[in-house]
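Number of protein chains: 2
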Amino acid sequence: MVKESGGLEWRINVSDGTSKVLVSESTSQSRVCRGLMRFFSKISDFFRKAWSMGVNEPKKTMHCVKVGMALTLVSLFYYMRPLYEGVGGNAMWAVMTVVVVFEYTVGATLSKCVNRAIGTFLAGALGVGVHWIASQSGEKFEPIILQSAAATFSRFIPSIKARFDYGAMIFILTFSLVSVSGYRVEKLFELAHNRLSTIAIGTSICILTSMLIYPVWAGTELHNLVKNNMEKLSDSLEGCLAEYFKDADSGDCNKKMQGYKCALNSKATEEAMANFARWEPAHGSFNLGHPWKEYIKVGALIRSCAYCIETLNGSISSDTKVPDFLKKHFRKFCIRLSANSSAVLKELATSIGTMTRSSKVEFLVEEMRSSVQELQNVLESLSKQPIQSTAPKNEGGTAEGNSSPIVVTLVQIVPLVTVSSLLMEIAARTEKIADAVNVLAEKAEFRSEKDEKPKKGQNPKAVDRNSGESEEDKTMMTLQKV
Amino acid sequence: MVKESGGLEWRINVSDGTSKVLVSESTSQSRVCRGLMRFFSKISDFFRKAWSMGVNEPKKTMHCVKVGMALTLVSLFYYMRPLYEGVGGNAMWAVMTVVVVFEYTVGATLSKCVNRAIGTFLAGALGVGVHWIASQSGEKFEPIILQSAAATFSRFIPSIKARFDYGAMIFILTFSLVSVSGYRVEKLFELAHNRLSTIAIGTSICILTSMLIYPVWAGTELHNLVKNNMEKLSDSLEGCLAEYFKDADSGDCNKKMQGYKCALNSKATEEAMANFARWEPAHGSFNLGHPWKEYIKVGALIRSCAYCIETLNGSISSDTKVPDFLKKHFRKFCIRLSANSSAVLKELATSIGTMTRSSKVEFLVEEMRSSVQELQNVLESLSKQPIQSTAPKNEGGTAEGNSSPIVVTLVQIVPLVTVSSLLMEIAARTEKIADAVNVLAEKAEFRSEKDEKPKKGQNPKAVDRNSGESEEDKTMMTLQKV
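Going down the list, the sequences are from chains A and B. One gets my numbering by counting positions in the first sequence from 1 and adding 3 to each. One gets my numbering by counting positions in the second sequence from 1 and adding 3 to each.
Keep in mind that a hint or two might mislead.
What the hints assert, rightly or not - Calculated lysine-lysine pairs in the DSBU-like style (CA-CA distance at most 35 Å, straight line):
no.	chain 1	residue 1	chain 2	residue 2
1	A	K446	A	K63
2	A	K270	B	K435
3	B	K331	B	K349
4	A	K264	A	K249
5	A	K300	B	K446
6	B	K45	A	K45
7	A	K63	B	K45
8	B	K270	B	K45
9	A	K435	B	K45
As the list claims (entries may be wrong) - Incomplete in silico selection of chain B near chain A, CB under 7 Å:
no.	residue
10	L74
11	L76
12	V98
13	L176
14	Q261
15	K264
16	N268
17	T272
18	C311
19	G317
20	V381
21	V420
22	T421
23	S424
Claimed, not checked - Short derived list, chain B residues pointing at chain A, Cβ under 10 Å:
no.	residue
24	V58
25	V77
26	F80
27	A94
28	I210
29	L228
30	E313
31	M427
Calculated from the structure, these hints are not laboratory results. All C-beta atoms in this analysis are idealised placements derived from N, C-alpha and C, irrespective of residue type, glycine included.
Bound conformation, chain A alone (with noise of 0.2 Å):
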């Protein structure tokens, strides 16, 4: 008797010399029905999933509509004779190119048929002049090899990987088509005139489709993953602080607080984004030379003020114990810090997300330094004059001879520090993403923030002193907020 996964198994031995091991049915049974229904929940499960995803992300089922509409289209040149007789019966191509080809954003279409079809003709070109060459001088030699490795080749270098790695693919493709079919199919060049014909057919309707039907443009989704990143590092910076000192609405902060994993991966996405908004002509709000490469080092900078984050998160989970009244004491200024960094980024991603240049962000990044600037001198005096237990007194100044003062040693003080030193890095950092932030609203000629003001290059202050110092009013009144 033995026992498996908890229940019984008999086992009998037959005349052979084996075993036979005796299953009672009731059990076979409800394991198989057990195992059935384990099945079916995960196929339900995932077509739940699958459900809210589609009805979470409208953009990717109606790209899924486009891809089923552009391929209804492509295979009406089947459907229809004259149009099948048009291309010599090969049809197949097209059909063929639109699946490959078509891609979620209208950048990444385009640069996939840009690079099939320039890779596909210079192959055939190169094929068919080979082809040629070989007929005449009568030799016959076997480029395939060679050519075919070269291509792969190219493919591994940086530069060319990133924008032209699909079509050194279809070049190879091409190429070897070309050069094995250049030794059976008599009519070479109506073969390379058919291809060449339905390729076009193919990538003009991807382009119309993807183009014309609720374009999804990679440069758009750039900005706005950019802009987004930068408001979800501000509410993690604001909830991770929030965290520390248990403010007492941090109940969903938890929440908040993860925002910025996502900025910490998004490079490859960022740098892919950038290529493909290059392909793309103007749309929305953007131009044709829209400066994407500014994003990808917004990008970075922003990347690098989340690696400060994930540290800060760390460090202010670890479980070194401070005495309560110097958390109290610190509370105030890292608390402030941490408003108005989160203040600037919240207010350059609202640069960035309208495409104004706000002329706020110099005054909180003012007002940020100054907020380092008291955060050290909190450090400074701490180590001149001994906290008080009751800190909430020692601020007016007034009562401080009441209670007894209390030595503090640095090891209490250390994560207070650390997490002080930290923020004040973040500030740094801040003040980099709002340098580079100003470079991309001065290359992509963002609007100032008034219309009537003038265009670039001067200070609105200078020129509008009236709606300046409303405006300055405004931002005052929202420093007060913060």
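Please build the complex by placing chain B on the supplied structure of chain A, with the hints as guidance.
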């Protein structure tokens, strides 16, 4: 007269109101010359880079040769009549399969082959089935849009995207082709059979070439990536500290210091490699069920440690001045802790690299812990007793009264406290890495350091007292060097 790019330009007004630019012949010639020179130097630069890449990375060069060989093999089907007739003149599909499916690593090639085969088979079966039902019932219905949309949608679902993205694409492709061909081609079954057999030929050539000739295993690449990242982290950590405390022999550590940046952005590569590695058969010292997922976990912890080093790097390059005597006082302890942490990382890297359980790691971790404690003690002592400006003397504890004590203010010490607490955080994260590597060693059944020792689950010291002791002596010697 207009200035243009440093040269002079002569402009004359022609009678029809336009103006004409006179370019002196020598200038235009020299400009063309310069343009050509620049063009050629760019091209030669490009080839020089490509050449150096080829020399430095023989694996990649080998890959190119392999692609050429696979293509030659598959093109034999064109040149040999019996083979060509055998696949009904559809050898093109085999060539295409080789070009599209051949990837750098064995795992990626296998994954694409399996995806392509399954996708083609499923879609072909479904397409033929639908066609058959349609022809039986006499009705005409058009599931192509629905099917393609569903398959496109499935490509967005993360779990499918990771493993079956290519398969889904091939499914859409084949299904569309079969659906539309069904309307035209009468010999549908023959088409499907040909398609499948050519794909089988193409994929088997790919698999054989990639596995038999200098195979590049995704698993091995992942293994080495994780190991190298650990080593780079260890180097960076030492480099950072040496830079901060300006070691005498810190001439070349600036280059070493940047190593951690490789680890920051390796997430995507690691996940892709782990995904491909799962498709690979047993190879080298890796069994079929090698726990590739554990590498992702170790990689994530390495990255979290790298974030900390990034922050450390940022905070040591900030220009807050720290009094020299303070730096000297901390120097020994900080450098010892960083040396300990980096020794742990190096030992873990060696352990992964040789796939042996290291008996030293535990010891090194213990040593690291005691260094953390020491650093904490230094911080504690600092708040109690003032540091002497002649720091080395106070270590002995003898000549304490000689020099006048200097009171250290907290602000002066903030950068040092930050560096120290970041170092402690790094030590904590290093411990986590050690734990993860331990789990990996457990699951992957790493050898014990001496082969005669029992393989797993038992403490080597408890079993083999003699060799255990000698080993401890060895570790002691290593530690003294550290």
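Verification of the supplied hints:
Proposed proximity of K446 (chain A) and K63 (chain A) is supported: the alpha carbons are some 32 Å apart, at most 35 Å. For the proposed pair K270 (chain A) and K435 (chain B), the alpha carbon gap of about 25 Å is at most 35 Å, so the pair holds. Pair hint K331 (chain B) plus K349 (chain B) holds up; C-alpha atoms about 26 Å apart against a cutoff of 35 Å. This hinted pair checks out: K264 (chain A) and K249 (chain A) have alpha carbons roughly 22 Å apart, not beyond 35 Å.
This hinted pair does not check out: K300 (chain A) and K446 (chain B) have alpha carbons roughly 41 Å apart, beyond 35 Å. Proximity of K45 (chain B) to K45 (chain A) is assessed by CA-CA distance (about 57 Å); at most 35 Å being required, the pair is judged violated. About 42 Å separates the Cα atoms of K63 (chain A) and K45 (chain B), which puts this hinted pair outside 35 Å; it is violated. Of the pairs offered as hints, the one joining K270 (chain B) and K45 (chain B) holds, with about 33 Å between alpha carbons and a cut-off of 35 Å not exceeded.
Taking the CA atoms of K435 (chain A) and K45 (chain B), the gap is near 34 Å; set against the 35 Å cutoff, the hint holds. Annotation: interface hint on L74 (chain B) holds; nearest CB of chain A at approximately 5 Å, less than 7 Å. At about 10 Å, the closest approach between the beta carbon of L76 (chain B) and any beta carbon in chain A exceeds 7 Å, and the interface hint on this residue is violated. Taking 7 Å as the C-beta contact cut-off toward chain A, the hint placing V98 (chain B) at the interface holds, the least distance being around 5 Å.
At its closest, the beta carbon of L176 (chain B) sits 4 Å from a beta carbon of chain A; the interface hint therefore holds under the 7 Å criterion. Checking Q261 (chain B) against chain A: minimum C-beta separation of about 14 Å lies over 7 Å; hint violated. The interface hint given for K264 (chain B) is broken, as the beta carbon of that residue sits about 11 Å from the closest beta carbon of chain A, more than 7 Å. With 7 Å as the threshold, the beta carbon of N268 (chain B) comes within range of chain A, its nearest partner Cβ sitting at about 5 Å, so the hint holds.
A hinted interface residue such as T272 (chain B) counts as satisfied when its beta carbon comes closer than 7 Å to some beta carbon of chain A; here the least separation is about 9 Å, so the hint is violated. Annotation: C311 (chain B) was flagged as interfacial toward chain A, and the flag holds, the nearest CB pair being 5 Å apart, inside 7 Å. Because the smallest distance between the Cβ of G317 (chain B) and any Cβ of chain A comes to about 6 Å, under 7 Å, the interface hint for this residue holds. Of the supplied interface hints, the one on V381 (chain B) is violated, with its beta-carbon coming no nearer than about 9 Å to a beta-carbon of chain A, more than 7 Å.
A least Cβ separation of about 5 Å between V420 (chain B) and chain A falls short of the 7 Å threshold, and the interface hint therefore holds. Taken as an interface hint, T421 (chain B) checks out: its beta carbon lies about 4 Å from the nearest beta carbon of chain A, inside 7 Å. The beta carbon of S424 (chain B) comes within 4 Å of a beta carbon in chain A, closer than 7 Å, and the hint placing it at the interface holds. A hinted interface residue such as V58 (chain B) counts as satisfied when its beta carbon comes closer than 10 Å to some beta carbon of chain A; here the least separation is about 12 Å, so the hint is violated.
Look at V77 (chain B): its Cβ gets to within about 8 Å of chain A, closer than 10 Å, so that hint holds up. Annotation: interface hint on F80 (chain B) holds; nearest CB of chain A at approximately 8 Å, less than 10 Å. Interface restraint check: A94 (chain B) against chain A, minimum CB-CB distance 7 Å, threshold 10 Å, status holds. Checking I210 (chain B) against chain A by beta carbon gives a least distance of about 17 Å; that is not within 10 Å, so the hint is violated.
Interface hint at L228 (chain B): violated, since its Cβ lies 16 Å from the closest Cβ of chain A, which is beyond the 10 Å cut-off. The closest approach between the C-beta of E313 (chain B) and any C-beta of chain A is roughly 5 Å, which is under the 10 Å cut-off, so the hint is satisfied. Hint status for M427 (chain B) relative to chain A: holds, with the closest Cβ pair at about 8 Å, below 10 Å.
Checked against the numbered hints above, the structure violates hints 5, 6, 7, 11, 14, 15, 17, 20, 24, 28, 29; every other hint is satisfied.
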